[in-house]
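Assemble chain Y onto chain Z, guided by the hints.
So the sequence lines, in the order shown, correspond to chains Z and Y.
Counting with my numbering, you get residues 1 to 216 for the letters of the first sequence.
Counting with my numbering, you get residues 1001 to 1382 for the letters of the second sequence.
Derived from the structure by calculation, the hints contain no laboratory data.
Since the structure is predicted, the reported quantities are computational estimates derived from the model, not experimental observations.
Each residue gets a CB set at the ideal place from its N, CA and C atoms; glycine is no exception.
There is no bait here: all hints are sound.
Covered stretches of chain Y (chain Z as the covering partner; in silico rule of three or more C-beta atoms under 8 Å from a C-beta of chain Z):
| # | stretch |
| --- | --- |
| 1 | 1189-1195 |
| 2 | 1239-1246 |
| 3 | 1350-1360 |
Read off the chains here:
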Amino acid sequence: MDYRGLLDAIAEAVKEGSEEAASLCLKALDAGIAPGIIVQDGLSRGINEVGRLFESGDCYVPELLVAASAMEAGISALAPSITGGGEASEKDTVVIGVVEGDVHEIGKNLVKVMLEADGYRVVDLGFNVAPAAFLDRVRDTSARVLALSTMMTTTLPNMHRTVELALDMEPRPVVLVGGAPVSAELASELGADGFASNAAQAPSLLSALLGRGHGD
Amino acid sequence: MSIYPRVRGHLVRPTPGMLKAAAGLFAVRGKAMHLLPLERVLATVFHKEPDRVPVVHFLLGGARRLTGASYEDLSRKPEVTAEAYIAATELIGGDALYNVIDLSVEAADFGQEMVYPEHSTAHPNYLNPRVKTPDDYSRLEKVDPLKTPRMSACIELGRILSKKAGIRYPVLGFCFGPLGVLAMMRGAQKLFVDCLRCPEKVKVALEVITDVLVDYVRLQCDVGVDGVMLDTLFASQSALSRELWDEMEGPYSKRIADEVRRWGALVMLHNCGVGPYFDLQIEYMEPDGISFAYLPDDCSSMSELKEKYGRRTALVGFVPTEAIYREPPAKIMEIAREQIRCLAPGGGYMLAPGCEYPPNNEIAGALALIRAAETYGKYPIK
Chain Z
1 MDYRGLLDAI
11 AEAVKEGSEE
21 AASLCLKALD
31 AGIAPGIIVQ
41 DGLSRGINEV
51 GRLFESGDCY
61 VPELLVAASA
71 MEAGISALAP
81 SITGGGEASE
91 KDTVVIGVVE
101 GDVHEIGKNL
111 VKVMLEADGY
121 RVVDLGFNVA
131 PAAFLDRVRD
141 TSARVLALST
151 MMTTTLPNMH
161 RTVELALDME
171 PRPVVLVGGA
181 PVSAELASEL
191 GADGFASNAA
201 QAPSLLSALL
211 GRGHGD
Chain Y
1001 MSIYPRVRGH
1011 LVRPTPGMLK
1021 AAAGLFAVRG
1031 KAMHLLPLER
1041 VLATVFHKEP
1051 DRVPVVHFLL
1061 GGARRLTGAS
1071 YEDLSRKPEV
1081 TAEAYIAATE
1091 LIGGDALYNV
1101 IDLSVEAADF
1111 GQEMVYPEHS
1121 TAHPNYLNPR
1131 VKTPDDYSRL
1141 EKVDPLKTPR
1151 MSACIELGRI
1161 LSKKAGIRYP
1171 VLGFCFGPLG
1181 VLAMMRGAQK
1191 LFVDCLRCPE
1201 KVKVALEVIT
1211 DVLVDYVRLQ
1221 CDVGVDGVML
1231 DTLFASQSAL
1241 SRELWDEMEG
1251 PYSKRIADEV
1261 RRWGALVMLH
1271 NCGVGPYFDL
1281 QIEYMEPDGI
1291 SFAYLPDDCS
1301 SMSELKEKYG
1311 RRTALVGFVP
1321 TEAIYREPPA
1331 KIMEIAREQI
1341 RCLAPGGGYM
1351 LAPGCEYPPN
1361 NEIAGALALI
1371 RAAETYGKYP
1381 IK
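Chain Z on its own, in the form it takes in the complex (with noise of 0.2 Å):
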């Protein structure tokens, strides 16, 4: 299989949710593929097209997932070599997680792997994080972004409270928020700087705020 070759399969093995990626991301650094060519024109290109698709009504969340799954094992598959490599990512970092009280991280993780397919290091707090845990990573690694999730209207004062102790913070972060109860209005009012409805709408709405063109 030729360079182009290998690139269109391992993205379309992500498309298809194959774990196979990750054994295609090997044979491409074996074939002298640069791992930061084989995450964009590779990884970042197959989970885009399924982000299109969904965001399009024409996949769902487990076809989106199982497509993150393939792409996290071809990400792991490189890990060594982008490690070894240098090759950080090129963009901001993200701080993103589900505020404390709340267990649903379906969508967090989903924005957080349109991020990273287009470029940014994430920081993944997980579930159930306390305010204070949130600040503490943005500061520690000096994150432009935070990003929070939650799916509760019970937890909705917890991420207002997120967002005003963020808002307060210096340099401040770019806050995103997103979640089942939470609409662009009522973003505005928590103080975020954005919302968006869907995963697949979280790289361009991010582009947007960050002042560049999605995919820079």
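Frame of chain Z; chain Y shown alone:
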């Protein structure tokens, strides 16, 4: 004791024909006087115009604030739950009682470890899922709902509510769908992936769960609930594709709905996902009513929804909980007014939030729903 008499140990319920005739009579009576909530709901379910649009406010966790009950007691002690739900309905208004507490009742009784937060809904301990690997699906075992802590408590809640409701309120039982129950034991994310990667393993668990849920709804019917609401969240664009739901839950949900109907109770559905598949759910479960939070996947407007499904099932909804959380009562009434205008003419519509009333909110939003129904929901709708 339920309003239905027992003959040789079995409840005797009116036939659908008798209920339909009664609904017609209530509709006639409703033109001249206020109806009881039970009469109002029955007329609505049979697509007659009652005196006014009924309201189901789904004030579950929020009801505890009226009686001072802790969240944990509300979740685990049926007498405490019953007291709170009845107080909420009598103080605020509302046209139905329901024995839904949270979505983990069934999973807990299959052995899922639970967490009971002080100020929020009980939920599984997701760090310790009952189904840790796909091989664990085959390890789930049948349980007897009467011998379990949580399902038996809900059955008891149904019994207490049916007794207290008398002929005044309809009482709805509740049952999470088989995939929902499994999601509580595996985690939705892993379950979604398993549905694609190892569906046959998932189905082994679904068979066991469905057997238990069939028993569970039968036992609820036997204590006198008037209907059972099945939560089929996964039949929506938020979750599975139409094809995958068709394969993974459709046939199982049909077995549960058929059992409810076999015992003469109403089949109601709740699906608060985005783009619910009304047509598929109707095909499998033939529900008397569907509670929903978003327009179905094949409708782009309320008028299309009414046109397409308004005669096939009663519509229950769909004031956004997000609006109830953040909007003042006047705005909630405005939203409700528009929904009443579009969905209520001809009957077959109950005003409700799209999902559970935000449990830590003030009750002003629930009062606004009642007031909207009383102000804008009187038949004939203007």
